[in-house]
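A.B. asks: The task is to assemble the complex, starting from two chains supplied on their own in separate frames and drawing on the hints.
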Amino acid sequence: MTARNTVGPVIARRNTEASGALIGYLPVGFPTLDESVDAAVALVENGVDVLELGLPYSDPVMDGPVIQAATQRALANGFRLADGFEAVRRVTDRVDAPVLIMTYWNPVVQYGVERFADDLAAAGGAGLITPDLIPDEGAEWIAASERTGLDRVFLAAPTSTDARIARVVEASRGFVYAVSTMGITGARADVDRAAREVVDRLTSAGAPASCVGVGISTAAQVREVLGYAEGAIVGSALVKALADGGVSAAGALAAELARGTRAE
Amino acid sequence: MALRAQTGPYFGDFGGRFVPESLVAALDELGEAYALAKLDPAFGAELAELGRSYTGRPSIITEVPRFGRHAGGARIILKREDLNHTGSHKINNVLGQALLTKRIGKHRVIAETGAGQHGVATATAAALFGLDCTIYMGEVDTERQALNVARMRLLGAEVIAVKAGSRTLKDAINEAMRDWVTNVATTNYLFGTVAGPHPFPEMVRDFQKIIGEEARQQVLDLTGALPTAVAACVGGGSNAIGIFHAFLDDEGVGLFGFEAGGEGVDTPRHAATITKGRPGVLHGARSYMLQDDDGQTIESHSISAGLDYPGVGPEHSWLSAIGRAQYRPVTDDAAMQALRLLTRTEGIIPAIESSHALAGTLDLGRELGPDATILVNLSGRGDKDMDTAARYFELYDEEAGA
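Those protein sequences? They're chains W and B, same order as listed. Once you know that position 7 of the first sequence is 7 in the working numbering, the rest is easy, because the numbers rise by one and skip nothing. Once you know that position 99 of the second sequence is 1099 in the working numbering, the rest is easy, because the numbers rise by one and skip nothing.
In short, the hints are calculated from the structure, not lab data. Here a beta-carbon is modelled for each residue, glycine too, at the ideal position from N, C-alpha and C. It is possible that part of the hints are untrue.
Not everything, but these chain B residues come out facing chain W in the computed CB check (under 10 Å) [said to hold, decoys possible]:
(1) 1039
(2) 1171
(3) 1284
Negatives, chain W to chain B, calculated, CB over 12 Å [as the list claims (entries may be wrong)]:
(4) 56
(5) 60
(6) 69
(7) 103
(8) 193
(9) 219
Below, a sample of chain B positions facing chain W; criterion: calculated Cβ distance under 8 Å [to be verified]:
(10) 1018
(11) 1022
(12) 1025
(13) 1164
(14) 1170
(15) 1280
(16) 1295
For reference, chain B alone in the conformation it holds in the complex (with noise of 0.2 Å):
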C-alpha cells in the first residue's frame, strides 16, 4: 500500500483513541462528518474557494541563495506558509474543521494554543463564520506570546489562561478536552495539531497536505526535479505531515523533521519527543511522548511557544519507525541564529518555531553537498517572536528595554 494511502485509527502501532467514553460520540460524529465531506464535492470547492480568496492560496516558493550559502551551497527553496492570512500553516486545517462545525450543526468553536497561531487562526474562522470561540492557552504562553492573546480576543474570542501543570500546551489541551467533555452537544473542538484521538491526526493532515501537494509541483516546475529532501519543524507534527505527505512515496526525497532541542537533548530542558521519548499514550493517542519511568508526562522546553509540547503526532511516530522520515533536535539557540540568518540574507523573518527547520537545513544542506535541493516549510512568520528576538539578540534600547 502506497504510505500516503494510509489512514486512522492506527498508524503502525501508534494511534486510536484513548479518550473518555463521554468524547467516543462527538469522535464518531466528526468522524463520520468528515468521511462525508471528503466525498462531497461542495465541501472540497468550498475549501478550495477559500484557501484561494481568504487564506491566499497556493502560497509561493522562494529560493533562497544566499541563505543556502550557509547550507554548504545547496539549492534552498522555501514553502511561504508564512504569507497565508494569519501569518502561518495553522488557517488551512482551521478553515476546513470550522466548515465541518457548520455541517454538524454545532455553533461554538474551542481550541487549544501554543505559540498562539493555532488559537488565531481559529478566532479567525470563528470571526469568518460567526461561530462562539474560547481559546485554551497556558498561562505562560499568554505572557511569551502577549501579542496573539490581544489579536484573538479583538477578534471576539475568549482567551482562557490555564494555570494547571505546566501552564503549557500541553496543559491547555486538557483545558479544552474537559470543556468538550462538558460541553460536547453545542460545541466542536478545533484540534490544531495531528495529535489527539482519531479522527484528528487523519483530518488534520488532510487539511494540511495541501502544503506539500502544492509545493512538490512548484518545485517540480521551478527545478525539473523533485527535491533531495524536505524539511519541517516538528511540535505535534502539523506543517511537517502537510509538507511531507505528498512526499512519501517519492522514495529518493529524504524527510526530516526537527525537533525542539531546547537547551540541549542531555539536558532536561528540551521537547524533543522522538529523539529523547518512547511510546506511550497521551491526549487520545499512542504515541512518543516524554515521560519519566511512571509514566507521568515530562515537561518539555522550548524557545519556541508552538513546539513546547512533550507529544508528536501518531503518524510521525510511525514515519520514524519504519525509517521513512529521520526526526533531529535543533537547539533554541541554533534556532534563534536560523531566525537571524534568513532575517539577514533574504529579509524574510521567520518564526522561532520554522527557524528551527531552517536551523537543521543548514546542517542538512552541508550533509548533502551543494547538489542538493532541500525544500523547507517555512510554516509562520516571526511578527509575533518579535519581543522573544529582541531580547534574545538585545535590539532594544536600554531605556526602552526589560
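Same shape as in the complex, but just chain W (with noise of 0.2 Å):
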C-alpha cells in the first residue's frame, strides 16, 4: 500500500495560489471519536489546507494545558490506537485534504514501525509527524516511509546546530516543522521571531517548505508566519474552541484563521 495524498503539493499550490497553507490539529477521540471526525472536517471544509491528526498518549511531553486535557479525556474515553486510523480513514472519505497523524513514538514502535506505515497508508494517511522522534533514532521510519511514500515531518527548533538543521531537512519529506518558540505548544500573545530565523535557516539548508507551530491562534499571526514560511500550524487554539463551542465553533475560528492566508 503506498501513500496517495501527500502534503508536499498542497503546500506548494497553497503558496501560488494563497500566501501559504494552514494547518490545523486536532486529537483523535476528542471529545468523541465521532466529533473529532466531524470537527476535523469542518476544519477543511472552512479553510485549513493540511490535517494533523494526533494520537492521544500517557505521556506528552510536548503538549500544553490545553492538548493534554483534551487528550487526557479521550484516553479515559477509550481511546484506542486503531481509532487513529479509522479518524483518518472517515476524514478521508469526506474531504480531499492530506491528513498527517502527530504521535509519540512509543505506540508506533508497539504497534510495528511497518505494520503502523503500512495502515497508514491504506487508511489513506499522508505521513506521520513525530514530535519525541529525531532523525537521528529515525532509521526503521525512515525506511518504512521510503517504502510506501507517507511524508515524515521531523521538527526543527532554534538551537538546533547547522548541521542538526541539514539532518532535519534531508530526512523530512513534505515539510519541516519549525518550533517557533522553545516553549510547549499553547497559544501565546507573540509568534516568537524566533521562528523566523529557523525558517530562514531551514530554507538555506534548502528545505523545500517549512511550517511553523506552537504559539499561533490569530488569523494576523497566520498572516505573519505566511509571511516568511510556506505553513502556519495551529492546535491549541482550535482544541480550545472544540472544547468550548463544539464542532461549529472549531469550523469557525478556522474560517478565521483562514483569513490570514488570504491578502488582506
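C.D. replies: Pasting the structure below:
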C-alpha cells in the first residue's frame, strides 16, 4: 500500500494561489471519536489545507495544558490506536485535504513501525509528524516511509545546530516543522521571532517547505507567519474552540484563521 | 570489552535519545560538558572533596548478624548510603550535576522527584551553590511525602505539585521536561536516576558508581573476599547501578535488583518493570516499561514513592537481557515487614525503597545459604516514611492517629 495524498503538492499549490498553507491540529477521540472526525472535516470545509490528527498518549511531553486535557479525556473515553486509522479513513472519505498523524513514538514502536506505515497508508493517511523522534533515532521509520511513500515530518528548533538543521531537512519529506518558540504547545500573545530565523536557516539548508507551529492562534499571526514560511500550524487554539464551543466553533475559528492565508 | 566500560547512548538494544528536537542542543551541551569534566582532574577533585566534607563519604558498611539470622544465616553487610547528608544516595548524583551546571554557566536547576529524596538533594545542592531551584513532584507524592515537601521549601526551592496523569513520578518527569524545553537557555535539568535520554543514564551512573567502588574494597577488607551477591532496590535504578557497577566484571558475584511488586505482580498494582514489562520508549530512552497493547504507559503502584515508576534505566534492561543481573519483585508487605525487621534487630530504620532490597535479601540468603555474603545497598533512611510506617503498623495512639 502506498500513500496517495501527500502534503508537499498541497503546500506548494497554496503558496501559489494564496500566501501559504493553513495546517490545523486536532486530537483523535476528543471529545468523542465521531465529534473529532466531524470537527476535522469542519476545519477543512472552513479553509484548513492540511490536517494533523494527534494520537492521544499517556506521556505527552511536548503538549501544553489545553491539548493535554483533551487527550487525557480521549484516553479516559477509551481511545485505542485503531481509532486513529479509523479517523483518518473517515476524514479522507469526506474531504480531500491530506491528513498527517501526529504521534509520540512509543505507540508506533508497539504497533510495529512497518505495520503502522502500511495501515496508515491503507487508511489514506499522508504521513507522520513525530515530536519525540529525531532523525538520529529514526532509521526504521525512514525506511518504512520510503517503502510506503508516506511523508515524514521532523522538527527543527531555534537551538538546533546547522548540522542538525541540515540533517532534519534531509530526513524530512512533506515539510519541516519549525518550532516557533522554545516552548511547548499553547497559544501565545506573540509568535516568537525566533521562528523566522529557524525558517531562514531551513530554507538556506534547502528545505522545500517549512511550517511554523506552537504559538499561533489568530488570523493576524497566520498572516505574519506566512510572510516567511510555507505553512502556519494551529493546534491549541482549535482544540480550545472545540472544547468550548463544539464542532461549529472549531469550524468558525478555522474560517477566521484562513483569512490569514489571503491578501488583506 | 569489560561490562564496566559500557557507555551511552546505547546499552545493547536499550537507551538512545527519544526527545523533542528542542532538547537536543541541551543534551549535547550537557554531554560535552560532562565529557570534558570527566577528563578534568579539578572537577574530580572538587567532587571528591564535596563527598568527603559535605556528604560524609566514604559511607561506612555495617554487618547485621541479627538480621542475617532471618536470611538463612547468610552474612549480610549493609552499605550505608542512608547516612549520607540528606539521607540517601541521591546526593552523590546531585552534587556532580550541580557542579556541571556551574561549568555550563546556568543559574537555575529543575528536577523531578518521587519520594522527595532527589528533590531534597537537588534543593540542598541549589542552596549550597546559590542556584534557583524548581522541583516537580506528583500531587499524590506531595501528599504521602509531605515532610520532604517542607524540607525542599525550607531549602528555598519552589515545589510544584503536578496534577496531570497519575500525579506521580512519571508525570513529574513530563512536567520537568516541559519546563526544560521552555527554559533550556537558563536551566539545567538535574535528572535523578539512570533513566531518561543520553547522557543521563551514563552520567548519573558515573556519579553513583562510587557506592560500589567503596563497598567492593570495604567488603574485601572486612571479609577477605568479594561478596557472593549484591542486592539493591530498583525504581529507575540509580542506587542499584551505583552499587552494581564495580562488580559487573566480577563474574562470581551475583547481582540482584529488587523491583516494587506492590500488591503482587499478578495484580495490576505494582511497579515491577523488568519482571512484567516489555521494551518501549519512555522519557527519552528505549528500555523496559509497563505499558498496554497500544504502548500507553500503565500507571504503576508501590507503597514506596521512590520506586513507583513504570520505567527503568536502560543499563538495567541490558544487564537483564544479557543475564548479568537478575531482577525480582518484592511486595509492599514484604518490604514493610523487612523495614520493621531491620529496625527491631539492628536499630536501623531503612527507607521503604531500600526495604525492598532487604526483603529480597531475606529470600536470597535462604537460597544461597549460611556461607554466602550478601552486600545490600541501604540506599536511604526511613525518617521520611514514618507516617506511612506508623499507619501501616498502627503505631499512632488512637486519638492522635488517622
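A.B. asks: Confirm or reject each hint.
C.D. replies: Status of each hint after checking the structure:
no.	hint	result
1	1039	violated, 23 Å
2	1171	holds, 8 Å
3	1284	holds, 8 Å
4	56	violated, 8 Å
5	60	violated, 7 Å
6	69	violated, 9 Å
7	103	violated, 10 Å
8	193	holds, 15 Å
9	219	holds, 26 Å
10	1018	holds, 5 Å
11	1022	holds, 4 Å
12	1025	holds, 4 Å
13	1164	holds, 6 Å
14	1170	holds, 6 Å
15	1280	holds, 5 Å
16	1295	holds, 3 Å
Checked against the numbered hints given earlier, this structure breaks hints 1, 4, 5, 6 and 7; the rest are met.
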